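Here our numbering is used: position 356 in the sequence shown is 1048, and no number is missing along the way.
Derived from the structure by calculation, the hints contain no laboratory data.
A portion of the hints provided could be inaccurate.
Distance condition first, Cα-Cα at most 20 Å in a straight line; then the derived SDA-like pairs of lysine to any residue [unchecked claim]:
1) Lys838 x Leu827
2) Lys838 x Asn977
3) Lys838 x Leu983
4) Lys838 x Ile956
5) Lys838 x Ala972
6) Lys838 x Tyr957
7) Lys838 x Ala970
8) Lys838 x Arg975
9) Lys838 x Arg979
10) Lys838 x Gly973
11) Lys838 x Thr960
12) Lys838 x Ala971
13) Lys838 x Ile828
Quick caveat: nothing in here was measured; it's all calculated off a predicted structure.
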Amino acid sequence: RIARPPGMPDLPLWTRGDLNAFFGLGINMLVNVIVLASLCLFVVNIPADDVNGVILPALGIELLIGNLFYFWLARRLAIREGRTDVTAMPYGPSVPHMFIVVLVIMLPIYLDTNDPVAAWQAGLAWAFIIGVIILIGAFVGPVIRKFTPGAALLGTLAGISITFISMRPAAQMFEAAWIALPVIALIIIGFIAGVRLPWNFPMAAFAVIVGSAIAWIGGYMDGQAVSDGVESIALGVPTLNLALLADGLADISPLLATAIPLGIYNFTEAMSNVESAAAAGDRYNLRSVLLADGCGAVVGAGLGCPFPPAVYVGQPGWKAAGGRISYSLATGVAIFALCTLGLFPLISAILPIPAIVPILLFIGLVIGAQA
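With the hints as constraints, model all of the structure from the sequences given.
Structural data, given as C-alpha cells:
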C-alpha cells in the first residue's frame, strides 16, 4: 500500500475526461474485435458458436485482467508522485498480430487440412508462444531501453501510428465521407479547439451519435442486420481449453519462425509505448507493464483465444483527450460484457464504421506530433 503524499488532493476514480477517452478507446477496441471475429468466421470458418461462445469470452477475460492491472499501476503512480493527471496505459487486442495469426498461421493450416479446429489450435499455440516471449522480454527489456535513445523508440512509434492507426481509418472515412467528415470536424472542435458541450456531455460520444444518425437517415445502414444481431445474442462463459492448446503445442516447430520475431516485436513496441508515456509525463515501470502484457496472452491462449493482446499505441492521445486512471479499465469491463453477452453482431449492425473511425485518425495524429 502506498501512502498518499501530504497535501495531495483527492485522486478521483472517474473524470469527465475519462468518459471522453472511454468512448474513444472503446470504439477503437470495438472495431478491432469486430474485425477479428469476422476473420475467424469468414476466413478460417471457425463455427459461430465457438467464436461467440469461446474465443470472444476468452478475449474479454484477458482484456479485463490486463486493464485492471494497468488501472492499478496508474493509481499507484499517481499516489506515489502526488499527481491527479496520470493516464493509464491502454490495452487491447494487437492489430498486427490479429491479421498475422489468421492469415499466416491459421489460414494455411485450414487450407491444407480443411479443419478449422486444427487451425484454431495452431493459433492458440502461437499466441501462447508470443506470451512466453513477452514474459522473457520483461527481464531483458529494461536493459535494452536503458541503452536505446528515446528518439529511436518514438520514431518507430510514429511509423506504427501512421500505418496501423491513421491510414486505414482515413481510407474507411472516405468510403463514406458524408458521414465521417462531420464526425472528424466535431472531434477537432472538441479535442483541439477545446469547445465543451452543454452539461459536459463527452464530445467523442456526441460525434459518434451524430455520425450514426446521419448514416441511418441517409440509408447507409441495413435494418435487417440489426434483427440478425438481436437473434445472435447469447451468453458465453469463459472456460479453460487447455486440451486445444496442448494439441496445438504438439507441433510447435513451424510456429517458431513467426512467433519468435513477432514476440520480440510485441515487447519492443511495448517499450516504445512506455517511452511515449514517459515523454508525456507518466513514467511507468517497464517490467511491470511487460509482465502484465505477457500474462494476458498466456491466459487468453489457455482459455481459447488465439489473439494476443498488446499495450496500445496512443497513451499521450488519450491523455490529451482527458483520460486519467480509469478510462482503460472501463473499456476493458465494457468489452468483457459485450464479449460474454454475445452483443458484437448487434453493435456492428447499429454503429456505422465511418462514424467511429475518425477518433483513431485523431489519436494517430497526436502520436505523430509527439514523435
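A quick look at each hint next to the structure:
no., hint, result
1, Lys838 x Leu827, "holds (18 Å)"
2, Lys838 x Asn977, "holds (12 Å)"
3, Lys838 x Leu983, "holds (18 Å)"
4, Lys838 x Ile956, "holds (17 Å)"
5, Lys838 x Ala972, "holds (18 Å)"
6, Lys838 x Tyr957, "holds (17 Å)"
7, Lys838 x Ala970, "holds (13 Å)"
8, Lys838 x Arg975, "holds (13 Å)"
9, Lys838 x Arg979, "holds (12 Å)"
10, Lys838 x Gly973, "holds (18 Å)"
11, Lys838 x Thr960, "holds (13 Å)"
12, Lys838 x Ala971, "holds (15 Å)"
13, Lys838 x Ile828, "holds (17 Å)"
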